[in-house]
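Enquirer: Letter by letter, the chains look like this.
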Amino acid sequence: MIIKKYDHNYGRRQLLKNMAVGAAAGVLMPLDKLFAAGADLAKAYPDEIMSIDMYTKGKINTGDYLTADNVDIVKELLDPIVFDQIKTMGRRIKIRPTTTDFSVMFPAEFHAKTIENMNNGVTAIFDKQGNVITKDGKNWTGGLPFPSPKTGAEIQANLAMSWGRADYNQYAINDTVFNPDGTKAYDYEFIWAELQVQARLDGTVFRNMKDLLRFQTVYFTSTQDVAGSSFLSTWYYDQAKFPELYGYLPQFRRVRQFPTNQRFEPLIPGVTWFLSDPWAAGDPMLTWGDYKVIERKPMLGGFNAKWNGDDENWRAGTHGGPNGDTFWDTDYELSPEVAILESKPVGYPRAPVGRRLAYIDMRNNMYCGNIRFDRQDKPWVNFETNFGQYKLGDKVVLGPDGKSPAWSWINIHSFDAQTRRMSRAAHQKENKGGHKSEFSFDHDKAYSRFFTQQALQRLGQV
Amino acid sequence: MTLFRVVGRPLVLPLALCVVLSGPVIADDGWFEDFDVSFNGFVRAEIAGSTSGEENPNNQGGNLQNNQNASRQSFLPPALNPLSGVGSLLGLGGVGAWGTTPLPFADTVRRGDFVKSTSNDFNYAVVRTEIEMNMQFNYEWRFIARVRAMFDPEVYDAFDANDVAGFQGGLESGPHANSALYEGTPSYFDYLADQGGNPNPLEWTGSNYQVYFPTFLLEYASGDLSLRLGNQQIAWGQAIFFRVFDTPNGLDLRRHSLLDRGLEEFSDKRVPMLSLRATYQLNSDILLDAYVGRFQPSVFGNPNTPYNIIPSQFTVHDTYESGGYDDKISGGFRLKGDYGQFGWQASFVSRYATEGTFAWTKSGVNKPLSGLVGSVINTAYNAKLPANSVACPIYNSATCRLYGDSGEAMANSSFSVNPGGVYSADEWFQYAALARLDAIGGLNAAVNEFDGARDIYASVAGNVSESVAELNTFFIAAGGSLRGHIERTYHRENDFALGASYVNESDNNFLNQLIFNLEIQYTPERTFTNPTLSRQAIKEDEYTVAIVVDKWHRFSESLPGTYIVFQALTKNRSDLVGRHLSGYGRVGLDSLSPGDTTTLKDAKTGNASYIVFGFLQPTANKIFEIELATLIDLDGGILFQPGVRWNPGRGLTVEAFYNHIDGNVWGDNPNTNMISSLDFADELSLRVTMQF
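Chains A and B are the protein sequences, given in the same order. Basically the numbering used here = 1-based index in the first sequence + 16. Basically the numbering used here = 1-based index in the second sequence + 156.
So here's chain A without its partners, still in its complex pose:
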C-alpha cells in the first residue's frame, strides 16, 4: 500500500494560496531553485498534478485521446474554446506524459543563458517607464528576465523580450483558413523572420542599435493575391512606442511607410489572427496594461508537443471539423502550474478587444494559448500555439549552436469562436518557392535579406 504524502487537492489548493500571496512558481519548493540547479522539476509539485492518470484517478491515462466522450472529465484543465472544439467539433487530442526536464522546454542557448544569469546574479527590474532593464540599469542582456515571476507584468516581460527565444528565427509558415462550414477558403504561405537587436543570447547589441529591440518581417509567398507583399516592423526597446512599419504592396510596386497603431486588423483576407496575437505579446508590452494573474492551476496544453519530423515538410496530420481536416493532430500534456494572465489593451481606444487571457506554463514561461475577449466579454479568438523540441526519434533539426535540438512553435490553431472560422498554421520546413525555415543563420546576412528597405524591395513582387 502506497501512503500518499498529500491529499488529492493539495496541489491545487497550494497554487491558489501561492497566487494569493504572490509567491513564485512551485508547490513543494520554488521552481526556480530546481531550474538553476538543473534538477528535475518533479520535486516542485505533488504527484497528482504531475500526471493526468493520477489527476483523473485513472479515468484518463497517458496515451489516451481526449474526445467528446471523455472531455467533461478534464473540463477544468482546458481553456473553454479547446474544450468546445473537442466537445462539439470532433477534435481529438492525445495525452502525453508530463515533461520534467527543463532543458527540453527551451532552446538550449536560451536555457543556458538564463541559468548563467541566475548564477551570475544578473537579474531584471522594470525602470520608471516599465521597460525591462538589469538591476544595474542596462538594457536586458538576454534569457528569461524573470525566471521566477511573481507578477503579471513579469510574466508578460518574459514573453515580450524575445519572442522566439533565439537571436534569429525564420519560420516558413502555411496558414490554411477554413470557412465556418469547414470548407477550405485560403491556403496562404509566408515567411516570418525575427532578429533580436537587444536582449540577445550572444550578449551583443546588433550593429550597436541601442534604441531597438528587434526586427521582424513577414513576407507572403502565396497565394497569388498576396504573394510579394512584405512588411518590416522595427521594434523599439521602449515598449511604449509603436514599431515603425514599412510595407511593400504589389499594387504600389514600392516600399511605403504605414501607420502601426492599429493592431486589431486582419492582415490578409480570411485569417482570424491579428498582429496583436502571436507570442501572446504581439504588441509593445506597455501599450497593454492591467497585467494580472487571475488563476494558477494545473492545465492540459500543447506544451512540449510532438514535432512532426516524420513528415517531409514537418506537417502534422489533420482531423475533425466538418470535413475531417480542421485540426492538427496534436498531443497535450498536463502542466502542473499554469498562470492565467489577464491583460487589457489600455493603449488602444475603441479596441474591439476587452481583455486577453494568456495561458502560461510556469515551467518555461511560455504560453500555449491566448484568448481574446470582445468588449461584451465573450470569448472571441483563441490563438492556441504548440511548442516543442524539433526532435523525433533519430530525426532532429539542430538549433543555432549546431549541436542541440531546435525548439520552437510547431503549429497553431487560431479559432474564432464567434464566427467558427479557423486559421490553422504550420511551422514547416519549406514553403513553395523554396523559402525555408532557419534556426541557424548568419545574422548579418539575415539583416540584409529581410530587415532593410533594400531587402523589402527585393522581396516584393517585381
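No farther apart than 20 Å at their CA atoms in a straight line, the calculated lysine to aspartate or glutamate pairs in the DMTMM-like style are these:
# : chain 1 : residue 1 : chain 2 : residue 2
1 : A       : Lys-360   : B       : Glu-713
2 : A       : Lys-452   : B       : Glu-296
3 : A       : Lys-445   : A       : Asp-410
4 : A       : Lys-360   : B       : Asp-663
5 : A       : Lys-257   : B       : Asp-663
Facing chain A, according to a computed beta carbon distance under 10 Å, are these residues of chain B, among others:
#  : residue
6  : Asp-190
7  : Thr-371
8  : Gln-497
9  : Ser-657
10 : His-709
11 : Ser-714
12 : Asn-777
For the record, the hints were derived by calculation from the structure and aren't laboratory data. Bear in mind the structure is a predicted one, so any value in this text is a computation, not a measurement. Backbone N, C-alpha and C define an ideal beta-carbon position, used for all residues, glycine too.
Starting from the known structure of chain A, fit chain B onto it as the hints suggest.
Expert: Positioned in the frame of chain A, the structure of chain B alone reads:
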C-alpha cells in the same frame, strides 16, 4: 476572318526560354543546390458598364457634333481676292481678310450624315490572365518572368472606317501613321509608331489581344546590393497616384485608362522598361536606388477605343522610331533616409519625358480638294506658276505654287482630305476647347509653319470670324472634312525631387501615428505641348508639390480600423496629365463674338491643384473591403470612386467599383479643370478573379 493579328517581335524566344528553364532540373549540390521554380497566376474577367449613357466625345461615334447642324459659308481666300491677294500684287491696293468676299457656296452640315453615331452599354470588357514564374537558382541569382495576356471580345458598337469609305475617297492614315489604327475598326491594344514597329519590347499585340512581359529579368543579390537587369517597372515615392518621385516609367492607358481601382494605383499601368536597376543599402538608415534604361514612352488609347483621350479627328504620327528615340537612355537615382520618426528622400532623373509633346506635322496624304469650291481652288492652284521658276522668281502664294498640284500641297500641310475629320468651324472651336487647345492660334500655327497650307491659299486669321470663314471654306472645299495630323515627339529633361517624412506621435488618438510626407519636384525647362500645336513647344520651369498624410483609425469597436489617405498636389505649369495650363479655360463658338481674337475666356491664373481622399474599410476577417477614392480638381471637377471587394476564399475575388465623374461641379467652364476630360466615363466596373 482573322481572329488574331500579330504585331511585334517573335514571341517564341522568351516563351521557349521559360519552358526550357522551367523543365525538370536534377541538382543535388553546387550552383543548383537551392534551385526552385514556382508559378502563380490568375484569370480575371473585367467589365465596365456605362451609366452615363454618354459616348466618348473623342471618338467618331461619340462626337458631340454628330447630331448638330452647322452652317458653313465659303469665302474667296484673301490670296485670290482681287483687292487683297492677286490685286494687291498687281498694285491695285486694298486689304482683305477671310470672310470679306463670300462665294455662292454655303451649306448646312450635319456630321452624323457622314459618320455614324455609336451607342454602347459597355465601356470595357476583357479577360485577362497573368502568370508569374520565379526561378531561384540560389540566393544570389533569380530569374523572374511575369506574362500578362489580355483578350477583348469587342462587344462595343465601334467606329469602322470602312463605313466612311464612300466619302472623300475614304479614310487614309497617310505614310506616317499606321493604317491599322485608322483605316478599319479600332485596335484596342496595338501600339504602333510611325515606322510600324511596336515601341514596347517583349510585347505582342493585335487589335483584340495583348501579350507582354511586364517583368522579364535576371536578378543578382549579394549582401546589401541587388541588381536587376531586364524588362521591369520602377516606382518611387510615398504619394499614391500623384507622380512626384515616381518618374522612371511611363503609363499605359490602353486598357482601362486611369479608371481602375484607385487604391491599386498604377499596378498594371507602368510601362516596363529595359533597364538595369541597382538597389544598395548604404547603411541601416539610407537606401540608394538607381537605374538606367531604354526610354519607353507612355502609351495612350488608340483612336475610337473607349477611353481614347486624343480627339479622333487627329491622325497621330508617333516619331518614337523615326525620331531616333528608341535608342535614347533615361536614368536616375534616389536616396532615401529613415530615422525613426523622421525621413527624407532625394532624387535626380535625367530622362525623356514619357508623355511627349504634340505638334502639327505634314500629313503626307496626297489628295486634292474636291467639290465645287475645291475645284475652284484646285483650278486656281493649277493656274499658278511654279515657284522659283523664271516666271516666279520670288515666291508669293497668290501667283506661285511650290508643289505640282493641290494634292501635293495638302500633303505638305498638316491636313488631309479625309472623312472623319473636322466638318465645321463649330466643331473645330468646340474640340479645341475640349482638348485644351487654342482654336485660332492652332489654325494660324498650321498656316504659318507649313508652306503647303499657305500654298493652297490658307492664311493667318485675325479673329474668330476670319477663322470661321477660313475653316468653313476649306471644309467645304474638302468635300466634307479635313483631318489634322500631329506628330508626337519626346524631350529630355532633368527632374530634381526632394521629400521629407514625419510620423506624428500624440496622446490624441486621431492625431497619433499620422504619417506626413512632403514631396517636391522641380524640372527646369520642361517641354510642353503648345496649345496652338505649334512646332515651337513651350519650355518652362515647372514645380510640383505634394503632401501626403496616411492614417489608420478605428472609428468603432465593431469594425476593424480604417486606412485613410489624404493627399494634395499643386503644379504651376501643367495639369495632372501634362497639358499646359495656358490651354485651359477656352470656349467654343457659342461663347465667342466674331471679333474676339482669343478663345480664352476663363484663363487659369494660378496653379492646377488637386486633392485625393481615400479610405479602405475592411470588415471582420477582411472578407469584405469597402473603399473610396476621390480625386478633386479644385477648379470644379471630381472623380468619386466607391467600391467593394469580396474575398470569399477558394481563390475567388470579386470587386465592384463605381466611377462617378463630374467635370462641372462648380465654376462656369468645365474646361478649367482636368476631370471634365473624362466626364463621359461614369461607369460601374465588375471584376471577377480566380487565382491559381
